[in-house]
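Below, each chain spelled out in residue letters.
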Amino acid sequence: MFDKNTIKTYRSITASDSLKRRVLSQSTTEGTRPIFGMNPLRGQRKFALAGSFLVLLLVILSLNSLQSVSLHLRDDGRPSPANFTGEKAGRSIDANMPAVVPLEIKSRRDIRVNVSSGYVVIADDDMEEDPPKLKSLSLSGSKKIDWYIENGGEAGNATIDITTGKKRISYELFYDVENHQWILKKNK
Amino acid sequence: MRVSSQQETDIEKVYKMYADMLFRISYSALLSKEDAEDAVHEVFMKYLNRKPHFKSSEHEKAWLIRVTLNQCKDIGRRKKIRKYTPLDEIIESPKVKEDSIGILEQVFALPEKYKTAIILHYFEGYSIEEISSALKLTKSAVKMRLLRGREYLKKEMDKEGNDYV
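As you go down the protein sequences, you meet chains A and B in turn. Going by the working numbering, the first sequence opens with residue 29, and the numbers climb by one from there. Going by the working numbering, the second sequence opens with residue 2, and the numbers climb by one from there.
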């Protein structure tokens, strides 16, 4: 395939005498070998390997945290007398009126939402038709949803479950009679 | 601890037999004299330190080629900026024709997997079986790399208006 001249030219590439001296001199001076064995790169590799494990661990931990799901009350102009700040927060709604709970679910994975009472709809202002009223919704990633409880006073304790992969979180919505307000609380 | 004089003799023998070939393979992979020398040096250090047991000289040769290629990949990954050595600087023979250098430069510019197969087969004279053993590939994979490498090279040569046959 290649002519003789090209092969001859290739074969004329040879290792230098200095390389020979370097290799053969090292072959007789094992005492110069550094720690971690005989090869200076070996020690570096051990560190690199340890570093790789650490990076892997961090990646796994961060992936785990990415899989987490959070649920927030949306601030999108709806009356929201109390802020939902986490474990326990109130939302003043008349118990006898339908409760609309505007929520935002943040997740990087596919999720499934189930409610025990009422129904959920995807909150989409551009939607021309009424969205279907469902007890269960499959969503991909972060979404805004509205959870409707037809008659707040009769709903009792309602729960919303969010499932992603093997992870499941549950929030409970109930009416606080003493303080006359709805509470949305994350179940432990 | 010092290595025995027998080992010194062995390493000299192995160096004499394979150093030029390993240097050529390393240079074709790294295109830097300095890095190619580092790669070959490292390979011989591994040979000395690991004292691998070989079933035959073919086995030894395949091990050396494989370790050299891995060493080149390692250097390529570690050193993002390398000192390029033009081909005509490492060829000492005054009789070399410019055409040959041009063709070799085209070969050295091939994608790594094609280049290795082409160099081992056409320039170092290894059989497909030997290459498959050294690269731990099936024979058909080696044949495919040779075929694709030739096609790639032909396309590049056609662009330049060269003929390598």
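Each hint should be verified, as a subset may be incorrect.
Capping the alpha-carbon separation at 25 angstroms, the derived lysine-lysine pairs in DSS-like fashion look like this [to be verified]:
1. A/Lys74 with B/Lys144
2. A/Lys36 with B/Lys116
3. A/Lys214 with A/Lys161
4. B/Lys84 with A/Lys32
5. A/Lys134 with A/Lys74
6. B/Lys84 with A/Lys48
7. B/Lys80 with B/Lys56
8. A/Lys216 with A/Lys172
9. B/Lys74 with A/Lys48
10. B/Lys52 with A/Lys36
11. A/Lys48 with B/Lys144
12. B/Lys96 with B/Lys114
13. B/Lys80 with B/Lys14
14. A/Lys161 with A/Lys172
15. B/Lys56 with A/Lys32
Not everything, but these chain A residues come out facing chain B in the computed CB check (under 10 angstroms) [said to hold, decoys possible]:
16. Ile35
17. Glu132
18. Thr191
By construction, these hints were calculated from the structure, which means they are not laboratory data. Even glycine gets a Cβ: it sits at the ideal position worked out from N, Cα and C.
Verification of the hints:
Using a Cα cut-off of 25 angstroms, the hinted pair A/Lys74 and B/Lys144 is violated, with the two alpha carbons roughly 37 angstroms apart. At most 25 angstroms may separate the alpha-carbon atoms for a hinted pair to count; A/Lys36 and B/Lys116 meet this at roughly 18 angstroms. Between A/Lys214 and A/Lys161 the CA atoms are separated by roughly 24 angstroms; this keeps the pair inside 25 angstroms, and the hint holds. Taking the CA atoms of B/Lys84 and A/Lys32, the gap is near 30 angstroms; set against the 25 angstroms cutoff, the hint is violated.
Restraint check for A/Lys134 and A/Lys74: not satisfied, since their Cα atoms lie roughly 40 angstroms apart, outside the 25 angstroms limit. Of the supplied pair hints, the one linking B/Lys84 and A/Lys48 holds, its CA atoms being roughly 21 angstroms apart against a limit of 25 angstroms. The suggested pairing of B/Lys80 with B/Lys56 is violated, with an alpha-carbon distance near 34 angstroms, which exceeds 25 angstroms. Under the criterion of a C-alpha separation no larger than 25 angstroms, the hint pairing A/Lys216 with A/Lys172 is consistent with the structure, at around 23 angstroms.
For the suggested pair B/Lys74 and A/Lys48, the alpha carbons sit about 22 angstroms apart, so the restraint of at most 25 angstroms is met. Distance check on the hinted pair: B/Lys52 and A/Lys36 sit about 33 angstroms apart at the alpha-carbon level, beyond 25 angstroms; violated. Of the supplied pair hints, the one linking A/Lys48 and B/Lys144 is violated, its CA atoms being roughly 34 angstroms apart against a limit of 25 angstroms. Restraint check for B/Lys96 and B/Lys114: not satisfied, since their Cα atoms lie roughly 30 angstroms apart, outside the 25 angstroms limit.
A threshold of 25 angstroms between alpha carbons decides the hint, and for B/Lys80 with B/Lys14 the separation of about 31 angstroms lies outside it, so the pair is violated. Among the hinted pairs, A/Lys161 with A/Lys172 is consistent with the structure: their alpha-carbon atoms are about 15 angstroms apart, no more than 25 angstroms. Taking the CA atoms of B/Lys56 and A/Lys32, the gap is near 33 angstroms; set against the 25 angstroms cutoff, the hint is violated. Hint status for A/Ile35 relative to chain B: holds, with the closest Cβ pair at about 6 angstroms, below 10 angstroms.
Given the 10 angstroms rule on beta carbons, the hint for A/Glu132 is violated: about 43 angstroms separates it from the nearest Cβ of chain B. A cut of 10 angstroms between beta carbons decides the hint on A/Thr191: the least distance to chain B is about 42 angstroms, and the hint is violated.
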